[in-house]
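Protein chains: 2
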Amino acid sequence: MAARELEPQERLDWLRLSRSESVGPVTFYALLRRFGSAAAALDALPRLSRPVRPMTRADAAAELAAIERLGGRMLCWGEPAYPSILAALDDAPPALTVLGRAEMLLAPMVAVVGARNASANGRRLARDLASGLGEAGIVVVSGMARGIDAAAHLGALETGSVAVVAGGADIVYPEENRGLYDALARDGAIVAELPLGTEPQARHFPRRNRIISGLALGVAVVEAAAKSGSLITARYALEQGREVFAVPGSPLDPRCRGTNDLLRSGATLTETADDIITQLGPLLRGHPPPQPPAARQPPLPLLRPAPRAAMPVAAAPESEEAGLELIVEKLSPTPVAVDELVRQCQLSAAAVATLLLELELAGRIERHPGNLVSLR
Amino acid sequence: MAARELEPQERLDWLRLSRSESVGPVTFYALLRRFGSAAAALDALPRLSRPVRPMTRADAAAELAAIERLGGRMLCWGEPAYPSILAALDDAPPALTVLGRAEMLLAPMVAVVGARNASANGRRLARDLASGLGEAGIVVVSGMARGIDAAAHLGALETGSVAVVAGGADIVYPEENRGLYDALARDGAIVAELPLGTEPQARHFPRRNRIISGLALGVAVVEAAAKSGSLITARYALEQGREVFAVPGSPLDPRCRGTNDLLRSGATLTETADDIITQLGPLLRGHPPPQPPAARQPPLPLLRPAPRAAMPVAAAPESEEAGLELIVEKLSPTPVAVDELVRQCQLSAAAVATLLLELELAGRIERHPGNLVSLR
Chain F
1 MAARELEPQE RLDWLRLSRS ESVGPVTFYA LLRRFGSAAA ALDALPRLSR PVRPMTRADA
61 AAELAAIERL GGRMLCWGEP AYPSILAALD DAPPALTVLG RAEMLLAPMV AVVGARNASA
121 NGRRLARDLA SGLGEAGIVV VSGMARGIDA AAHLGALETG SVAVVAGGAD IVYPEENRGL
181 YDALARDGAI VAELPLGTEP QARHFPRRNR IISGLALGVA VVEAAAKSGS LITARYALEQ
241 GREVFAVPGS PLDPRCRGTN DLLRSGATLT ETADDIITQL GPLLRGHPPP QPPAARQPPL
301 PLLRPAPRAA MPVAAAPESE EAGLELIVEK LSPTPVAVDE LVRQCQLSAA AVATLLLELE
361 LAGRIERHPG NLVSLR
Chain V
1 MAARELEPQE RLDWLRLSRS ESVGPVTFYA LLRRFGSAAA ALDALPRLSR PVRPMTRADA
61 AAELAAIERL GGRMLCWGEP AYPSILAALD DAPPALTVLG RAEMLLAPMV AVVGARNASA
121 NGRRLARDLA SGLGEAGIVV VSGMARGIDA AAHLGALETG SVAVVAGGAD IVYPEENRGL
181 YDALARDGAI VAELPLGTEP QARHFPRRNR IISGLALGVA VVEAAAKSGS LITARYALEQ
241 GREVFAVPGS PLDPRCRGTN DLLRSGATLT ETADDIITQL GPLLRGHPPP QPPAARQPPL
301 PLLRPAPRAA MPVAAAPESE EAGLELIVEK LSPTPVAVDE LVRQCQLSAA AVATLLLELE
361 LAGRIERHPG NLVSLR
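Protein chains in written order, with our numbering: chain F, 1 to 376; chain V, 1 to 376.
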């Protein structure tokens, strides 16, 4: 299956699978690999030893209709409009709701994030950084929070600004940013992983932060206290292989504790947008300009499941129960590579994958990026 | 000759040679190596092809007496009280005038330097850094300038503070620091390379800065504009193999431009004294405690001239004139290693050394650290 827009029916299935209970992004892709298509996976879910209830067809259709009414789009992983830099992550969102100008997601992006209780100087720096990046043709992505995030969006509003929100794309949060929200929905873009109408909750923010860093070539942090949310974004950035930039500040200002710590850990010291542009230079030159769908290839072979015949023929478990027990025995709360598990269990990779899916959907194991699993 | 205090007559000769016209530190050590002692070098100076006038015996005796009247000491290179970390430099001052507690120069030292027009926050940071270093048993060295320097001295006044001044040790500059000067002369130490009574001039400051960094295991810079004197000290520190520390600051504050640039170049980000102490850890542990003179060895074999008989017998120039011409021919404004020059000229090392001294004292060549010379 080449990279192309999904057919309406495929899109509906894709959305249903991604919104089914217990199905996070990593499980979603595992199901897709295992069953070959979203439709096949949906068929299989109710027949698992612990059945999983998929999102209903009606609910999925209603969500797609509501997005359309808002003038938005749903981008599915692997579609031409889905940014390839984000698609390369193990836990890339299977589907993104986008309001506004979705084509901005195909430009090179840099994240500018930071403290909500930012100083006036910090806000000015964020705005200057963002407008400097914009002048260089870089789209600025941030989280639409108060303080640094809002200033960054404002600075890049004319050149390109994308907000990734923690709740639904139609939920304005915080309320004081309604004006900014309206401007972004018109001149920029608003991106959400969760369904329309979802009120943002504390646990949603770290998941959202991984999308901010995942969309960006680099993450610039302007003012961040120790142990603040912006540092979570910076940690994701490191894990995702993105560049991390930090603006230095006085040791007497607690709002600079986090950024100075980042510098200590090797972040690039950043005073102006040029510092970022210089450091990203090779990546910016290498960034592919938006291409027509036909020319793009999916960045992962995800939509081309391995032909079954090519799988090694290895021992199958005597029964599913026996297989599940065998695997649970080998697992612990410490994540282990699935490949290692396959070797240890002396089962085929396909059999282990099926058993892991069962355990995952039963909530007994947890998936980790890098094809690792652990016992819950 | 082992490391020991010089005899009164030797000290007088040492001072006379170091204060003779055209004799800078590198030339001083070259003369010492060439002639074996300060007395022998003084004898030779008037007989050179372009004779050099040594400091008179009376002037030297008067300077030593004046130092004694102020309760000070003159420390000569290689004496037990002369700090070995400074002695290791190619251009270590042959003689230092010290007022106050000269024994402080044998403790581990860190320099804290920075902008004269410092902010209140910068002064507070300098003072906190200095007192934190002092609590860890580190003596703080600085330049007694307004702003950061003065704040650093104040912070370490109770634990150990050394000022290296650009003029004579008896000259208070700037006048507003008279109170600080008096306190340092009593509870700390004041160090000068130039003779008593010398009014500091612009050209003296860089030479002074090399002593500040040369005395220290590391140099911490608190607030420094781009291209400021503190950055010269930091550059000396790098050339001398010292650690460089810089306090970060807002990109909007021009007083932090220099420190942020240092961080960009790899200086250790410093918010508290602990950052410095942690980084210097191994060096601090390795720092020898002050030892009785008998146990100390001179850090360079300078006071033990190589025996003449051991020198390779090589061609001598036909005449001194011919030799000088031969050498000048090989030299350019680009510094070249003396060893290379010896090879190229096919003369003995001793003959080349003598000819170079002649050229040096005639002001035709310039010495550079690392045994390099260039044509002026």
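The set of hints was computed from the structure by calculation and includes no laboratory data.
Note that the Cβ used here is the ideal one computed from N, Cα and C, for glycine as well.
Some hints could be false.
Claimed, not checked - Partial pick of chain V residues on the chain F-facing surface, computed with a CB cut under 10 angstroms:
| # | residue |
| --- | --- |
| 1 | 199 |
| 2 | 252 |
| 3 | 268 |
Enumerated hints in conflict with the structure, sorted upward: 1
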